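S.K.: Take a look at the letters that make up each chain.
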Amino acid sequence: MTVDPKGVLTGHHYLDGDHACCEGALAAGCRFAAGYPITPSTEVVERISARFPMIGGVFIQMEDELASSIAVLGAAWAGKKSMTVTSGPGFSLMMEHIGLAAMTETPVVFVNVQRGGPSTGLPTLPGQADMMQARWGSHGDYEIIALCPNSPQECFDLTIEAFNLSEKYRVPVMFMMDECVGHMTERVIIPKPEELHVVDRKFTSRPPGEYLPYKVYDGWVPEMVKAGDGYRFHITGLTHNEVGYPAMNWQAQEKLVRRLIDKIRKNADEIAMYEEADTEDADVVVLSYGITSRVAMRGVEMARAQGAKVGTLRLIVVWPMPETKIREIAGKVKAIVVPEMNYGQVALEVERLAGGRTQTVLVPHGGGTVHDPEAIARAILEVSR
Amino acid sequence: MATVELKFGGFGGQGVILAGIIIGKAASLYDNKDATLTQAFGPEARGSACSAQVIVSDDRILYPYVSSPDVLVAMSQDAFTRFSPEVKDDAILVVESELVDTSGVDPAKRVYGIPATRIAEELGRKMVLNIVMVGFFTAVTGVVDREAVRRSVRDSVPPSTINLNLKAFDKGYEYGRKVLAEA
Chain A
1 MTVDPKGVLT
11 GHHYLDGDHA
21 CCEGALAAGC
31 RFAAGYPITP
41 STEVVERISA
51 RFPMIGGVFI
61 QMEDELASSI
71 AVLGAAWAGK
81 KSMTVTSGPG
91 FSLMMEHIGL
101 AAMTETPVVF
111 VNVQRGGPST
121 GLPTLPGQAD
131 MMQARWGSHG
141 DYEIIALCPN
151 SPQECFDLTI
161 EAFNLSEKYR
171 VPVMFMMDEC
181 VGHMTERVII
191 PKPEELHVVD
201 RKFTSRPPGE
211 YLPYKVYDGW
221 VPEMVKAGDG
231 YRFHITGLTH
241 NEVGYPAMNW
251 QAQEKLVRRL
261 IDKIRKNADE
271 IAMYEEADTE
281 DADVVVLSYG
291 ITSRVAMRGV
301 EMARAQGAKV
311 GTLRLIVVWP
321 MPETKIREIA
331 GKVKAIVVPE
341 MNYGQVALEV
351 ERLAGGRTQT
361 VLVPHGGGTV
371 HDPEAIARAI
381 LEVSR
Chain B
1 MATVELKFGG
11 FGGQGVILAG
21 IIIGKAASLY
31 DNKDATLTQA
41 FGPEARGSAC
51 SAQVIVSDDR
61 ILYPYVSSPD
71 VLVAMSQDAF
81 TRFSPEVKDD
91 AILVVESELV
101 DTSGVDPAKR
111 VYGIPATRIA
121 EELGRKMVLN
131 IVMVGFFTAV
141 TGVVDREAVR
151 RSVRDSVPPS
161 TINLNLKAFD
171 KGYEYGRKVL
181 AEA
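First to last, the sequence lines map onto chains A and B. For the first sequence, our numbering gives the first residue as 1, with consecutive numbering after it. For the second sequence, our numbering gives the first residue as 1, with consecutive numbering after it.
Simulated from the structure, these hints should not be mistaken for lab results. These figures come from a predicted structure and were not determined experimentally. Mixed in with the good hints, there may be bad ones.
Computed list of chain B residues with no C-beta within reach of chain A, every gap over 10 angstroms [what the hints assert, rightly or not]:
{"hint": "1", "residue": "S48"}
{"hint": "2", "residue": "A49"}
{"hint": "3", "residue": "Q77"}
{"hint": "4", "residue": "D90"}
{"hint": "5", "residue": "E98"}
{"hint": "6", "residue": "T102"}
{"hint": "7", "residue": "G104"}
{"hint": "8", "residue": "K109"}
{"hint": "9", "residue": "V111"}
{"hint": "10", "residue": "R125"}
{"hint": "11", "residue": "D145"}
{"hint": "12", "residue": "E147"}
{"hint": "13", "residue": "P158"}
{"hint": "14", "residue": "V179"}
Pairwise CB distance ranges (calculated) [to be verified]:
{"hint": "15", "chain 1": "B", "residue 1": "K167", "chain 2": "A", "residue 2": "A277", "range": "45 to 51 angstroms"}
{"hint": "16", "chain 1": "B", "residue 1": "S48", "chain 2": "A", "residue 2": "E276", "range": "43 to 49 angstroms"}
{"hint": "17", "chain 1": "B", "residue 1": "V179", "chain 2": "A", "residue 2": "I55", "range": "46 to 52 angstroms"}
{"hint": "18", "chain 1": "B", "residue 1": "G13", "chain 2": "A", "residue 2": "G219", "range": "54 to 60 angstroms"}
All residues carry an ideal CB built from backbone N, CA and C; glycine is no exception.
Hey, can you work out the whole structure from these sequences and the hints?
M.R.: Now the structure itself:
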């Protein structure tokens with residue numbers, strides 16, 4: 001673990017979430033970014049374009065989101081930590097390369113500052129309706145990791161975590177902000193370089209000739225090399241064998257794709273990050289993520305003032321879901337209330353995990369602003385009667 | 001003070017957002033408070049309406065938006081007309097007195113006016129009118145400590161303009177003290 005102090009803007013700052021995300025990427029060691037600016041994520045790339053060249057990084061404004069999303073994969077294979085930044089319409093264009101990143105096990109971070117959709121929707125206003133797209137948007141069966149920050153401070157902290165997870169599991173990580181968090185300005189404390197936890201890429205120590213790019217020597221993922229370091233390797237979106245060459249048969253498919261799935265699913269409890277409070281003797285638990293988790297707290301306080309016994313579970317890592325934890329909660333409460341800025345996405349997964357042991361109550365909101373906390377309070381009170 | 005909700009409104013180009021950022025930064029970095037700033041993002045450009053909302057609190061701020069301002073700082077008639085109906089009954093209204101007509105305002109509300117644009121012009125640059133307003137706001141509301149705001153002004157403006165901006169801040173602050181003394 002080595003942190004390049006050049007990228008760490010240690011100190012107390014008053015930053016918006018977009019700018020904090022850029023600083024998190026720099027602190028994590030990201031030195032390549034490509035993007036096609038789009039509201040409400042523009043401020044991320046604006047700051048990247050000013051900051052990266054000053055500390056030896058590279059930013060390229062590409063011709064579109066397809067090009068941006070493939071450029072970051074190329075940079076990863078050249079040995080850099082890399083990231084692209086977008087919002088809904090651009091995220092749709094990037095789906096193809098999210099699948100390619102999953103298949104080729106390329107560590108890379110995709111930032112999506114969510115706005116109201118579908119299509120061009122509400123460019124300047126918040127939404128959380130890309131959550132299922134982040135999970136399933138590319139074709140084929142694969143797993144990704146997705147994180148949802150709820151403050152500018154977390155836009156800094158969790159961008160580092162996004163890079164750490166992408167390196168550890170060699171997986172594309174979706175950093176799912178929203179317009180409200182992205183454009184919200186608050187205090188952001190950036191620690192000293194030596195206080196940061198940064199995961200480095202696992203490069204091979206094997207000599208060329210002995211190294212196989214898709215052989216798992218240890219743990220869940222293969223070791224990487226840098227293009228130009230004298231190793232022969234081959235990367236393809238086709239189903240491949242340990243050498244990295246196409247292998248068009250069911251055995252190779254089973255071996256490869258099962259591992260792509262298992263490396264995340266079987267480590268879901270270890271990847272899980274959540275905040276749990278007051279669930280011990282709760283009748284109702286409010287499960288939320290991103291900005292909605294802050295809005296929900298006001299609803300929770302209103303319901304408590306009327307006597308409801310409410311606990312909270314805030315997902316920080318949304319994909320994969322903390323299945324063990326949700327099942328445990330489902331076994332002991334009357335209902336799980338899920339407010340989200342869409343018409344039912346994460347709530348559907350919660351319902352599946354609850355498995356009929358408790359009711360799951362969605363509090364939908366189409367986006368454009370955050371929930372009215374009273375709507376959340378009403379839902380809590382209704383089910384706690 | 002538990003929680004105070006502030007709204008800054010004016011037209012694009014007046015430095016409305018920067019005024020909000022300076023107050024939020026002063027509270028959260030130099031005055032032991034928390035401050036959350038959100039801004040109305042629309043297809044806004046120079047000359048059209050624009051606003052910043054700042055919540056200042058001794059506690060952790062959860063809900064991010066201002067619902068009913070305790071203080072409205074209006075630098076244009078349009079902003080005043082749009083936002084004054086939202087304020088609390090006992091709100092403080094801080095206005096650019098030569099740009100905003102407050103004659104119809106409910107007498108329960110405290111109204112403080114300053115000719116910030118003219119003062120800025122007298123200082124040599126109309127651009128610093130927002131900093132004059134920030135100084136005036138600091139004096140008449142007492143929401144954030146004076147030294148904290150001064151320090152925030154210093155590290156929020158281009159280095160070559162620090163002295164001018166501090167002068168603008170002091171002018172606004174002194175004017176506010178005078179208005180308070182007369183009230």
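S.K.: Measuring from beta carbon to beta carbon, are B:K167 and A:A277 in 45 to 51 angstroms?
M.R.: The hinted range 45 to 51 angstroms holds for B:K167 and A:A277, with Cβ atoms some 49 angstroms apart.
S.K.: Regarding the assertion that B:D145 does not contact chain A, is the least Cβ-Cβ distance greater than 10 angstroms?
M.R.: With a cut-off of 10 angstroms, B:D145 remains clear of chain A, as the shortest Cβ separation is near 16 angstroms.
S.K.: A cut-off of 10 angstroms on Cβ-Cβ distance, and B:E98 was said to be off the interface with chain A. Does that hold?
M.R.: Nearest chain A Cβ is 30 angstroms from B:E98, so the label holds.
S.K.: Report holds if the minimum CB distance from B:R125 to chain A is greater than 10 angstroms, and violated otherwise.
M.R.: 24 angstroms, holds
S.K.: Holds or violated: is the Cβ of B:V111 farther than 10 angstroms from all Cβ atoms of chain A?
M.R.: The claim stands: B:V111 keeps its Cβ more than 10 angstroms from every Cβ of chain A (closest is about 28 angstroms).
S.K.: Beyond 10 angstroms from chain A, beta-carbon-wise, is B:T102?
M.R.: Check passes; 29 angstroms lies beyond 10 angstroms.
S.K.: Taking the CB of B:S48 and the CB of A:E276, does the distance hold inside 43 to 49 angstroms?
M.R.: Taking Cβ atoms as reference, B:S48 and A:E276 lie about 45 angstroms apart, which means the hint holds.
S.K.: Should the label of B:D90 as a non-interface residue stand, given a Cβ cut-off of 10 angstroms to chain A?
M.R.: Holds: least Cβ distance 22 angstroms, greater than 10 angstroms.
S.K.: Does B:P158 really sit off the interface, with its C-beta more than 10 angstroms from all C-beta atoms of chain A?
M.R.: 15 angstroms, holds
S.K.: Compute the least Cβ-Cβ separation between B:S48 and chain A, then decide whether it is above 10 angstroms.
M.R.: The claim stands: B:S48 keeps its Cβ more than 10 angstroms from every Cβ of chain A (closest is about 14 angstroms).
S.K.: Falls inside 54 to 60 angstroms, the C-beta gap from B:G13 to A:G219?
M.R.: 57 angstroms, holds
S.K.: Could you let me know if the closest chain A CB is still more than 10 angstroms away from the CB of B:G104?
M.R.: 29 angstroms, holds
Of the numbered hints listed earlier, not one is contradicted by the structure.
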